[in-house]
Amino acid sequence: MVKVTIDDKTIEVEAGTTILNAARQIGGEVVPPAMCYYSKLTGSGGKCRTCLVEVSQGSEKDPRPMPKLVASCSTQVMDGMVVKNKTSQRVKENRDGVVEFLLINHPLDCPICDQAGECHLQDLSFENGSQKTRFEEEKRTYEPIDIGDKIKLHMNRCILCYRCVHVANQLTNQRVHGILHRGEHAEISTYIEKAVDNDFSGNMIDVCPVGALTDKTFRFKSRVWFLKPMDASCECSKCSGKAVVWMFGNEIYRVTARKDQYGEVEDIDGKTAWICNECRYDKKDLKNWTIEGPRKINRHSVISTNHYTEGKVEPKKLNS
Amino acid sequence: MGRRILLEHDNVSGIETYEVYRKQGGYRSVEKAIKKMSPEQVVEEVQKSGLRGRGGAGFPTGMKWSFIAKPEGVPRYLLCNADESEPGTFKDRYLMEKIPHLLIEGMIVSSYALGCNQSYIYIRGEYMWILDILEKAIAEAYANGWLGKNILGSGFNLDLSVAPGGGAYICGEETALIESLEGKRGNPRIKPPFPAVKGLWGCPTVVNNVESIAAVVPIVNDGGEEYAKIGLGKSTGTKLISASGNLVRPGVYEIEMGITVEEFIYGDEWCRGIANGKKLKACVPGGSSVPILPHYLVCKTATGEDRLMTYESLADGGFASGSMLGSGGFIVFDEDQCVVRNTWNFARFYAHESCGQCSPCREGTGWMEKVLNRLEHGQGNMRDIDLLAEINKKIEGNTICPLGDAAAWPVAAAIRHFREEFEWHVNDRETSQKRNYGLVKEPSPIK
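First to last, the protein sequences are chains C and R.
Position 217, counted from 1, in the first sequence is what numbering that gives the first Met the number 0 calls 216; the numbers after and before it change by one each time, with no gaps.
Position 392, counted from 1, in the second sequence is what numbering that gives the first Met the number 0 calls 391; the numbers after and before it change by one each time, with no gaps.
So here's chain R without its partners, still in its complex pose (with noise of 0.2 Å):
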């Protein structure tokens, strides 16, 4: 079995809740920062441990905490991001689901660091049934006195509730959640200021993924050094990976970063391989907004190295010829999917999720939609292919907030991998109808 920090006893029954949470090791942590250390030691762990933000942008979560203004007599807030939407992204479920309390003591742990007095986590509104499941939690943390006021008699007070979303994909970009947390239209703001300055209500703010959160504990409790050494390079410790597709086993694993794809996609310990004897088609390694990946394109990079699970490895080539961790939400198509359909299914999402705030967005993405539409369905004409590249560049970098950017990636990468299938579909319109494409060819020599 690979190293499981996170889900290392999601297997031990009744684990949700707080007595056999506790006898697990549960709360460690928190005795650990609040009688030991200083939020500023617990900080610098952070940094030391090289964590990344688990969202999808990557961007190292102790450098993000570093960054938050301290202005005298102005409260600040920790907002955990549990509106986890990303089609293809269900990780946070599986873990709130499981192991509620391991996100509240790093709730607490994180608040403690940042000197926040009030915390939020903000959980997608599909998600009710795990509200309950975090509120009864909550309530047992309230109880055993890891909650409320001067918490192991060390002065510190923290209040943790969980607010839930309508439902809306764009409330997880972190302004956005932010102005629905306010009670507002979830709009995206306009960046700077950003939320570590201004950010809820006025007030220094910081927003982290869930798995980010839940990171915090096993660093504070082995130490940020402990926790650098898994994983590889700048790609540090373990990922939570939403696997979904045609695979034997799909599922959520915990993989330390650095194994292979391929062992991951393969290997007897985690998916196992294509369902039903197929052939690996195409790969969505990091949720539905970053770019596809060709099957030659999977396992190994243009270079011909082995691509492994990091940040850095499944970015190789750029989007030229790589992809992006991004969420974790790593989706499998065999031969038998249509590229074009799935094409125009993520372009439907992002059509129907976008705020419709700023232009580029609002109409590009329900344009792209309908040329999509029209393509999948056997009335495209050959313009349509350029004409979606062309209206991809002009939503890509011209928004407010990065949904702009999540809906014109996996539109460009489709074209840019699997044009001959998008041509196939307009020049044999009757036969696009009833089978699919298949595999494409690989192109040789990859330069």
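Extracted from the complex, chain C is given alone in its bound form (with noise of 0.2 Å):
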């Protein structure tokens, strides 16, 4: 066991945890924000430099600070090492410079995206962003695309986070999209125009911390925050069959996995809860599922607002 002190935080975990997974066992105001990297995913992380942290004392037997920043989720923690996070105007400075350019390219297409309101990008940008862009040149865009039936790429949403690549690679027997071209015309795509068709492909939704990959059959059909998210199970052969169920009213509107605070799927009888495709896409009947209970949400989350009625929402007559 080591021991490092995060924002003047101390706690004692095992040796070979990162930075930022030791913050989250702590919990609360000291965790970084986290755009690529996802701990149920090997390999991920270290790209979205969000959760770069300052390393004020290496370690208990080398006390000098490192020089630059490290990113806190693939950097291990050493005995003593001490991190600052919030407390550090230096990390402050630098991680809103990195929201600046997460967004310089971004459509900020939020009235219009089906992530708004469980975006990561967006909960980022409330805290780091600025009010005012200094980019004036032409953003970067492309058309959206279909990558298999049920699922819509928006390229201009994505932060190449490479989330749903190691998704494809590690839950589906093969990976059929992947990253095109290089630097700011990098892009997300399909091999030759090929359709990214998999029990398990669906997942790749959940992982997007953005707007980029939608769910086809989800798709502008309502804003999360007027649904109501259930937990639900059913018999599956393929997958846990432990999912959230969208409701409105008594329909179903769309189906995702059980995600924790950080916005990963939970673990569920100490196995990552992935769900199939065929609960995802096509259970749309409560006939298919046992409601557990309402899920809890974050009491900050936009979602947990809860604007929920029964039935359908008539639109108010101006005149009436």
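Hints are computed from structural coordinates only; laboratory data are not their basis.
One should not assume that every hint holds.
Some chain R residues judged to face chain C by a derived CB distance under 10 Å, without partners named [claimed, not checked]:
(1) Arg188
(2) His351
(3) Cys354
(4) Ser358
(5) Glu362
(6) Gly363
(7) Thr364
(8) Glu368
(9) Asn397
(10) Arg415
(11) Arg418
The calculated lysine-lysine pairs, modelled on DSS-like cross-linking and capped at a C-alpha distance of 30 Å, are [to be verified]:
(12) R/Lys197 to C/Lys60
(13) R/Lys392 to C/Lys67
(14) R/Lys197 to C/Lys131
(15) R/Lys135 to R/Lys31
Predicted model only: the values in this text are computed from it and were never measured.
Yeah, the Cβ is synthetic: ideal placement off N, Cα and C, and Gly gets one too.
Using the hints, put the two chains back together into the complex; each one sits in its own frame.
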């Protein structure tokens, strides 16, 4: 066990733990945001640079500070390490910079984006974004494309976190999509117009931190904060069958996996509860599911404001 | 003539063939190392020589070699980084074209020192004709028993192959090179683990520049201490400098480290001054990624001392008034060159070559390129200049690999030293499209 201090809070963690995971064990304010790291996917992390932290003391043995800010998701803790996250002005400035970089080419089309309300980039820019843009150039744009019959890709919104690539590598039997081109022109795409067609490909939607990959069976149906999330389970031969159904009245609008406070799919009985495409796309009838109870949502989330109404909302007539 | 060690025989006709190279004393170091020395002794000689990596960072080669992990039953790899793509750098190309056997000899000795039985030369995709030269030389080395099984009856086996890249600058970064060699997309890996522990196919790996590996040959031949006598202080040995730009005689030169920059630019033996009788305006002494120096800081440091061609002297004054030796891509600009245009050109290169993996580099390099494009073409504003400096600060140090830094430094330095030229491009847009700014004024006195 090694001792690490993050923002003046000390915790003992196992050797080999990353700073980010140590911070998550403490919980609360000290946890750096993570856009590309996903604890359930090996090899993820290190790319978005939003989790940069300052190491003001390397370890007990070698107390020198680290000269550069380090990515907390891929740096392991040392015994006696002192880390500054929220308490460091330098971290704040550089994280603001990273968020600015992530947003310069982002379309900021939240009002028409299905991810709004559960988008990590939205949360991040609320915390670290600036009110004004300094980017006067034209944004790079792409046409939305279908990858597979159930997934829509909006490359404009993508922040190239590589999470969906890891999902395809680690959950499906063959990856047919990946990153094409370099630098600014890098984009997620399928291999020569091939469709992503695999029983677990839908999990790419769940891991996407932004609205780049959306569920075509749910697109433009409703804002997420009008829906009521319920834990539900079903008999499924392919996956655990434990999911969240998002309901409006008695209708199921969409099905997702169960995600924890960091937006990662939860472990159930020691296994990550990824769900299969059949559960996600085809079981939109209440008869398929056993409702376990309402899903707990962070009370600060827009989803828990719960403008949940029975039945359809009739538009108010102005003259009446 | 200055002392030539690597390019001693570059003018001998037929030196690229095995027979001539052997007649000139080639492969002596392999005989000496394998017959008379243990691998540890070779590493020790290289450490004694004080040889610093010639790829740009200047990290001591001997120290790099001593870091390699040696777990039982796991192969180790030596990779030669011949992915020379830095604008302004073409020294490795000359060396490999002229004396391919020198690199192969260095590879054999270095592989012996590190205990590698399979080594690779990763060559940039644009150097296809050199690939042929190297493969021919390797075939000759195999035929004469310098490669293959049981070399010189010592029981040491070595296979050497050349692998061409696809032409991406980023594949010159050592972990991206490893990824590319493994057949993947050339994205730099997150460090640690360093290649010395987990490199090619998860095995301990050393990646060295062509020139560093070639320098191992004279080190083994004459001994590390003898090599350390050449040069000045911690900059030992000779360095290949690829001089380009507005020079009377540009080209690849081998210099003994410690000659003055003034002598190198104006000396009869070297570049013979600025072409067409023009004046020196600026100089990038180590390839496109190092800070640019204005004319008054090229030959003299900020404290008034002579600037020397060494790692230390070129870096004198830090980034405020110094630069870096880098990979030895010595680019000289005369009074008719536009620094804004040049900075934009470099920024364009980095925006094009960023791998797009981490956000500060992917978005930042593209942003800088667009802003500089506007400035150069007379559509910039004053706030753009400060914006560039700001973007710089946010990229530098926050990326996975050094490409972000390499993209940020030249822009930062250009603004630092040539701010008035940038401002002139904003204030006098029309004139700036018609003529160049000329020399910058020397600030006085420099503190």
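Legend entry - Numbers of the earlier hints that this structure fails to satisfy, in rising order: Numbers 10, 11 and 14 - these are the hints that the structure violates, sorted from lowest upward.
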